[in-house]
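One line per chain: the protein sequences are W and S, in this order. Numbering-wise, our numbering puts 17 at position 17 of the first sequence, and it's gapless, one number per residue. Numbering-wise, our numbering puts 263 at position 263 of the second sequence, and it's gapless, one number per residue.
Since the hints were derived computationally from the structure, they do not count as laboratory data.
Quick list of simulated restraints, FRET-style, between CB atoms:
(1) S/Thr128 x W/Phe95: 56 to 62 angstroms
(2) W/Gly233 x S/Ala51: 28 to 34 angstroms
(3) W/His184 x S/Ala13: 22 to 28 angstroms
(4) W/Val277 x S/Thr182: 38 to 44 angstroms
(5) W/Ala86 x S/Thr216: 42 to 48 angstroms
(6) S/Pro48 x W/Phe128: 18 to 24 angstroms
(7) S/Pro33 x W/Leu205: 51 to 57 angstroms
(8) W/Leu74 x S/Thr216: 38 to 44 angstroms
(9) W/Val138 x S/Leu69: 42 to 48 angstroms
The C-beta atom is built at its ideal place from N, Cα and C for all residues, glycine as well.
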Amino acid sequence: MPTSRLTALLLLTPALVLFALLTLYPLGRGLLLSLVNTDYGLADAAWVGADNYTFLLSDPFFRGAAWNTVAFTLMATLSEVAFGLALALLVNARFPGRWLVVPSLVAPFVLSTMVVTAVWRAWFHYDFGFLNNALRAVALPPVEWLFDPDLALVSLVLVDLWQTAPFTFLILLAGLQSIPRDLHEAAQVEGASPVRRLWTITLPLLVPHLLLAALLRSIESFKIFDKVYALTGGGPGQATETLSMYLYRLGFQYFDIGLASATAVVMIVIAGLLAAVYAWHIVRGQSDGGR
Amino acid sequence: MGAASLRIGLIYAITGVMLLPIVWMVGTSLKPPLEYVSTTVDLIPDAPTLAHYRALWADDILGKVLNSLIVATGATLIALAAGFPAAYALARLRLPRRLDGVFLIFVLVVKLSPPLVLAIPLYQVLRTIGLLDTLPGLILVYQVYCLPFAIWMLLGFVRDVPIAYEDAARIEGAGLARRLATIVLPLITPGLVATAVFLMILCWNEFAYALLFIQTPSKFTLPTYIATLITEDETFWGQLTAIGFLASLPILALVGIVQRGLTRGFAGGLK
Numbered sequence: 001m002p003t004s005r006l007t008a009l010l011l012l013t014p015a016l017v018l019f020a021l022l023t024l025y026p027l028g029r030g031l032l033l034s035l036v037n038t039d040y041g042l043a044d045a046a047w048v049g050a051d052n053y054t055f056l057l058s059d060p061f062f063r064g065a066a067w068n069t070v071a072f073t074l075m076a077t078l079s080e081v082a083f084g085l086a087l088a089l090l091v092n093a094r095f096p097g098r099w100l101v102v103p104s105l106v107a108p109f110v111l112s113t114m115v116v117t118a119v120w121r122a123w124f125h126y127d128f129g130f131l132n133n134a135l136r137a138v139a140l141p142p143v144e145w146l147f148d149p150d151l152a153l154v155s156l157v158l159v160d161l162w163q164t165a166p167f168t169f170l171i172l173l174a175g176l177q178s179i180p181r182d183l184h185e186a187a188q189v190e191g192a193s194p195v196r197r198l199w200t201i202t203l204p205l206l207v208p209h210l211l212l213a214a215l216l217r218s219i220e221s222f223k224i225f226d227k228v229y230a231l232t233g234g235g236p237g238q239a240t241e242t243l244s245m246y247l248y249r250l251g252f253q254y255f256d257i258g259l260a261s262a263t264a265v266v267m268i269v270i271a272g273l274l275a276a277v278y279a280w281h282i283v284r285g286q287s288d289g290g291r
Numbered sequence: 001m002g003a004a005s006l007r008i009g010l011i012y013a014i015t016g017v018m019l020l021p022i023v024w025m026v027g028t029s030l031k032p033p034l035e036y037v038s039t040t041v042d043l044i045p046d047a048p049t050l051a052h053y054r055a056l057w058a059d060d061i062l063g064k065v066l067n068s069l070i071v072a073t074g075a076t077l078i079a080l081a082a083g084f085p086a087a088y089a090l091a092r093l094r095l096p097r098r099l100d101g102v103f104l105i106f107v108l109v110v111k112l113s114p115p116l117v118l119a120i121p122l123y124q125v126l127r128t129i130g131l132l133d134t135l136p137g138l139i140l141v142y143q144v145y146c147l148p149f150a151i152w153m154l155l156g157f158v159r160d161v162p163i164a165y166e167d168a169a170r171i172e173g174a175g176l177a178r179r180l181a182t183i184v185l186p187l188i189t190p191g192l193v194a195t196a197v198f199l200m201i202l203c204w205n206e207f208a209y210a211l212l213f214i215q216t217p218s219k220f221t222l223p224t225y226i227a228t229l230i231t232e233d234e235t236f237w238g239q240l241t242a243i244g245f246l247a248s249l250p251i252l253a254l255v256g257i258v259q260r261g262l263t264r265g266f267a268g269g270l271k
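In isolation and in its complexed conformation, chain W is listed as follows (with noise of 0.2 angstroms):
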């Protein structure tokens, strides 16, 4: 096509402006930032190297954060995807009402977070709270679901588990669908079982799509912070502290500019390991044509 590369740099200039104004810019001024000391606010930072890297290393709040960031994003995502999963082996057939199921079972992933806390806040309730409620009609003990510093993350976990199931939940859906029929009815002419078909066609065809979805919600449980700061505050003690929590208070609570802006720095490398591998994976995806 014809058309110069200047009509292309015209088209690209509005996005190219905001990203740079928006991203690029705060990512630069971020690391700057995270090489001063701001005790007595920013017209008195100080150049300070590497130290604030080294203190982050050494505080035990900082390890207790990035410790519970990733037993989030564990627990989060392989329950996520299993859960995902068993729905989606569950619906993947025709049966009556199944256009009023399945978006019953997506409804939870389109309400705002803020919503979802605050109903689950309510579900949590020591004394009056639902699940407890539940619990005692049948004769068990009451639970602190947010306060027992064992079980507070965990709590978490099952609200970010029915927010975001029906997520992995459609993109296996999508993937079992895209199985060809003729694999299944073959296999059930040589005789094979329901669970042995699960296990040499389905789940080997499957991979793709489960190792997208464990990828996008490892991604984004990686960066929990609404749940947090609206369920627990980080508490009962440090108990639920997750590193963009430790950011907001470092950075937002006890203005520390520079500490925030070296645990940002860190978050971002982090990150970027996680998009090399969905990177990764999409590249190989493209290859193999498309998924």
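Got chain W; can you put chain S on it based on the hints?
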């Protein structure tokens, strides 16, 4: 036959459990406080009341709905206006090969960056240009996520437009602007609508930036308003569920579109 009906029973049971929190939300929003501050399981209100909705009305809920609408609409329009030309340029015009790769990395970095990571420098950007604590400022920072998402989605739709149509029009002397207006835009209208729906939901639900960059309560969007209600009182559930239900209504109406978008696979960036 037994296995099949067992499977269907299981599906209905799970669907019921998944819907319970939403059913509870609607039920509680209609209950007087005496009914929901209780130690028994009860989803249906015995004496339904609209008191919580009336209390919201008195608390200027309309103002918050309006703020949310302004921010979501504004951010969506800007993302489409800047995103469509960019997507067209990336899909059609001869760009250096490397630029494609650079764009992919840019989309990935943005998608992967937690909102909090960019928050401190963005705070300073907004303060410098005088848009801190304003709705236009929030619309601007939402472009961090909206713009790459819009470009990503629109790119696929532009690529679906047969290039032969445009070639034919060019031979007849139609310039770029004319081709965009008479061929490309009409053909990707469904794609534009789908993209707009996703962007609206994304902005309607966004919390972190609204929390950090808006301080004046009268400028709160629905999620930040809900957050203040959550932390204000332990069992403020009547109003909380009423506002939650109101905020969810327009979005639940769009579930079908979201579902189709997700199965097509282009909506991975929604959350």
